[in-house]
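K.L.:
Starting from the known structure of chain A, fit chain B onto it as the hints suggest.
From first to last, the protein sequence lines stand for chains A and B. Read in this note's numbering, the first sequence has 48 at position 48, and its numbers run on one by one without any break. This note's numbering runs 121 ahead of the 1-based position in the second sequence.
Mixed in with the good hints, there may be bad ones.
[Stated by the list, open to error] Cut-off 30 Å, straight-line C-alpha distance, at most; resulting in silico cross-link-like pairs (DSS-like, lysine-lysine):
1. A:K83 / A:K94
2. B:K282 / A:K42
3. A:K103 / B:K282
4. B:K389 / A:K84
5. A:K76 / A:K65
6. A:K83 / B:K282
7. B:K364 / B:K341
8. B:K382 / B:K282
9. A:K86 / A:K76
10. B:K304 / A:K73
11. B:K282 / A:K86
12. B:K191 / A:K76
13. A:K42 / B:K382
14. B:K206 / A:K83
15. A:K84 / B:K364
16. B:K389 / B:K191
17. B:K209 / A:K65
18. B:K378 / A:K84
19. A:K65 / B:K282
20. A:K73 / B:K341
21. A:K65 / B:K206
22. B:K364 / A:K42
23. A:K83 / A:K73
24. B:K382 / B:K191
25. A:K42 / B:K206
26. A:K76 / B:K349
27. B:K378 / B:K304
28. B:K304 / A:K94
29. B:K389 / A:K65
30. B:K389 / B:K206
31. B:K206 / B:K304
Hints are computed from structural coordinates only; laboratory data are not their basis.
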Amino acid sequence: MGAPQLTPGALTVSQQDVHDAYSDLYDNLNQAYWVASTIEDKDRLHGTAETVFEILTALNAADIKSRTDDYAKLTKAVSDVNKKLKAIQEEMDKIIHNLTVAKNMADAITKALSTAKSFGL
Amino acid sequence: MLAAAIPGYLALCSCVSSRVHSAIPAFATALTSTTTNVQTAFETVEQKYEEAQALELAVNYDTAGFDPDKVNPWLQPEDMEARTKLLKALQQYASQLESIAGKDSMDEADTTTKALGASLTEISKSEPVKKMAGEASMASNAATSAIDNIARWLMESKRSKELPNLIQQMQEPIETICTLLRKDIGERTKGSHGSGLRDQLWLDYSQLIMEQDSFIQHNKDKLTPIEKRTEIERLPALVRERKESDETLAQTSDCLKQVVKANAELLKAVQTKQDLRSEINDLFQEASRINDFAHSLNTPSK
Chain A
1 MGAPQLTPGA LTVSQQDVHD AYSDLYDNLN QAYWVASTIE DKDRLHGTAE TVFEILTALN
61 AADIKSRTDD YAKLTKAVSD VNKKLKAIQE EMDKIIHNLT VAKNMADAIT KALSTAKSFG
121 L
Chain B
122 MLAAAIPGYL ALCSCVSSRV HSAIPAFATA LTSTTTNVQT AFETVEQKYE EAQALELAVN
182 YDTAGFDPDK VNPWLQPEDM EARTKLLKAL QQYASQLESI AGKDSMDEAD TTTKALGASL
242 TEISKSEPVK KMAGEASMAS NAATSAIDNI ARWLMESKRS KELPNLIQQM QEPIETICTL
302 LRKDIGERTK GSHGSGLRDQ LWLDYSQLIM EQDSFIQHNK DKLTPIEKRT EIERLPALVR
362 ERKESDETLA QTSDCLKQVV KANAELLKAV QTKQDLRSEI NDLFQEASRI NDFAHSLNTP
422 SK
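Next up, chain B with everything else stripped away, as it sits in the complex:
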C-alpha cells in the first residue's frame, strides 16, 4: 500500500529534485571559485609587497644595509586568518550544499538498494525459502523497488524541506560578506587614488617599477648588454602586469556582486520551477577564468 503511494510523492518531489540537482552544484562550484579568487587576490598583494621590499633592499643595500626588523608582512596574521577562516567556511557551505543536493547520495542509495535486492534474491533461491514462498523472487523484486522508493523519498523530502530554509538563512550573511569583501578589494579612481587591495596592488607595482628602474640606473655600467636588456624589458612587463592585475581584482569584485544575486536566485530555484542554470553558469565561467589568471600572477615577477 505504502509502496504504491510512493511514486505519487516522488512525482511531487521530482520538480524540486531536478532543479536542485542542476542549480546547486553549479552554484557551489562558482562560489568555491570566487572564494578561491578572493584568497588568491590577498596572496597576490602580499606577494607583490614582498617583491617590492626585496627589490628595495637590493637597490639600497650598499647604502642602508639589511635590517631584519624591517621584514614584515603587509597584513597582520590575525587579519588574514579571519578572512581565510570565513572563506573556508563559505567553501564548506558550497561543498555541503553540493553533497546534499548532488546526485551522489541518491546514486549511493540506488546502489545499496540494488545490492540489497541481489541479497534478497539469493535468499529467495535457497530451498527452505522456496518452500515457504512460491513466488519469493517476485516478492524480493517488489520489496527492493519499494525500499528504493522509500529511501529516495525520505532523502528527497529531507532536503527539499530543509534546504530552502538554510539557503534563505544564508542570504543575509552572504550579502554582508560580499559587501565586506568588495570593500577589502576596494576600488581605483585616478592616479594612485583608491582603496583596499586594488590600491595596495597598484602601489606595490608602482614601487616595483620605480625600484627596478633605480636598480638599472645604478648598475647599468656593470651589466652585460644581455643582462641590461633583460632588466630593461621587465619595466614595460611590470606596467602591463599592473594593469591586468588591477582588472582582475575589479572582476573578482564583480563576481562577488553576482554571488549575492546567485544565492537569491538559487533560493528561487529550490522554491519555484524557475531554471537558473544559465545565470549561475555565467558566474561559474567568469570565476574560473579569473582563477586561472590570478594563479598565473601569483608567481614571482622575476
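Isolated chain A, as found in the complex:
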C-alpha cells in the first residue's frame, strides 16, 4: 500500500481560495441584509453573517500567524545591528568621558594650587 495517488488538480485549493469563497458569501449575506424587508429575514441574514464573519476573522488571523516566525528571525538581525550601534555610541561617550576626566583633573590641580597658596607655599 503506497501513498494514495493524487488526482491532478486535487488539493489545489489555497487558503486564499477558501477566504475568497467565504468573502463572496459574506458579501452576498451583507447585501441581502440591506434589502431584506422584514426584521425576521434581517435577523436570519445577520445571524449567518456573524458566523461567516468569525470564519473570515479566523482565516485572517491565521494568515497573520503564518509570518510570525519570520519576525522573530528578523528581530535578531536588527538587534545585532543595534548592538554594534550601541558599541559605537559607547566609544563616542568614552571620548567625552575622557575629556570630563581631564577637566576634573585640571579642576583638582587648580584647587590644590589654591590650597597651597593659602598655606603660603
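P.N.:
For chain B alone, kept in the frame of chain A given last:
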C-alpha cells in the same frame, strides 16, 4: 604638529558629517513614525474587532446571553508580541542612528572641551604656573583647541567608518521586514475581498454597521427621538470611517515601501555627496500625517 594636521582631516570628514547630520535624523524620525503607524494599525484593527464583538453582544443579549469564553482578541498575544518586538527594535535602530549621527555628541564634546579649557586657563592664572610658563594662557587656548579637534576627529572618523557598513547591513532586513509588514497590512480588491489588516478592518466595520442597524431595528420603538437620531447618525459615520481607515492603511503600506527606498538612499548619503533630505522629508511628512489620523481612529467609535 598633530594639532596642525587635524584641520585637514576634519575637512575631509566635514562633507560626510554635514550629510549625515541632515539625512540621518530625518530618516530616523520618518522610520519611527512609520513603525508607530504600523503598530497603531494593528491596535486599531484589534479595537474595532472588540467593538464589533461588544455590539454583537448587545444586539444578541436577550436571546443568546453572555458567554465569557467567546471574548477573545483577534490576534493571539504571541503574534502581536513578535511584531511589537520587531517594531521596537526598528525604533531603537532609528534612535541610535540619530544619537550617533546627530549633533548632540559633537556639541557635548565641544561643551566639555570648553569647560576643560576654562579649567586649564584657571591653572595658568595661578602663581606657580605663571612662574613656570610665561605664556601659559596662550598655551592653554592652543591645547583646548587641539583637544577639541582631536576629540571631534576621533568621533567623526568612528562614525563615518562604521555607519555606512551598518546601514548597508540593515538594507536586506529592512527590505524583508517591510515586505512582511506590507503583507500583514494586505490589500483590498472588490467587495469584501482582500487580505491582512485591510480585509479585517473592512470586515470589522461592515459587521459594526450591520450590528448597529440590527440594534436600531430591535429598539426603534423604545428609543426617544433624540436617541434614535443619534443611533441612526452612527450608520453613515461608520461607513465614512471604514473608507478613511482603509485608505490610511493603504498609505501606511506605501510608507513602508518608501522606507526601503529611504534606507538605500541614506546609504548613498553617507557614502557619496548626494543630499537626500527632500526625499526623506517627504516620507517624514506622510508618516506624520498618517500618525495623526491613525491615532484619531484609535478611540472607540461611540
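K.L.:
For every hint, state whether the structure bears it out.
P.N.:
Results for each hint:
no., hint, in the structure
1, A:K83 / A:K94, "16 Å, holds"
2, B:K282 / A:K42, "68 Å, violated"
3, A:K103 / B:K282, "28 Å, holds"
4, B:K389 / A:K84, "20 Å, holds"
5, A:K76 / A:K65, "18 Å, holds"
6, A:K83 / B:K282, "16 Å, holds"
7, B:K364 / B:K341, "27 Å, holds"
8, B:K382 / B:K282, "22 Å, holds"
9, A:K86 / A:K76, "15 Å, holds"
10, B:K304 / A:K73, "17 Å, holds"
11, B:K282 / A:K86, "15 Å, holds"
12, B:K191 / A:K76, "35 Å, violated"
13, A:K42 / B:K382, "49 Å, violated"
14, B:K206 / A:K83, "15 Å, holds"
15, A:K84 / B:K364, "43 Å, violated"
16, B:K389 / B:K191, "52 Å, violated"
17, B:K209 / A:K65, "19 Å, holds"
18, B:K378 / A:K84, "26 Å, holds"
19, A:K65 / B:K282, "39 Å, violated"
20, A:K73 / B:K341, "53 Å, violated"
21, A:K65 / B:K206, "15 Å, holds"
22, B:K364 / A:K42, "24 Å, holds"
23, A:K83 / A:K73, "16 Å, holds"
24, B:K382 / B:K191, "43 Å, violated"
25, A:K42 / B:K206, "44 Å, violated"
26, A:K76 / B:K349, "54 Å, violated"
27, B:K378 / B:K304, "11 Å, holds"
28, B:K304 / A:K94, "43 Å, violated"
29, B:K389 / A:K65, "35 Å, violated"
30, B:K389 / B:K206, "28 Å, holds"
31, B:K206 / B:K304, "18 Å, holds"
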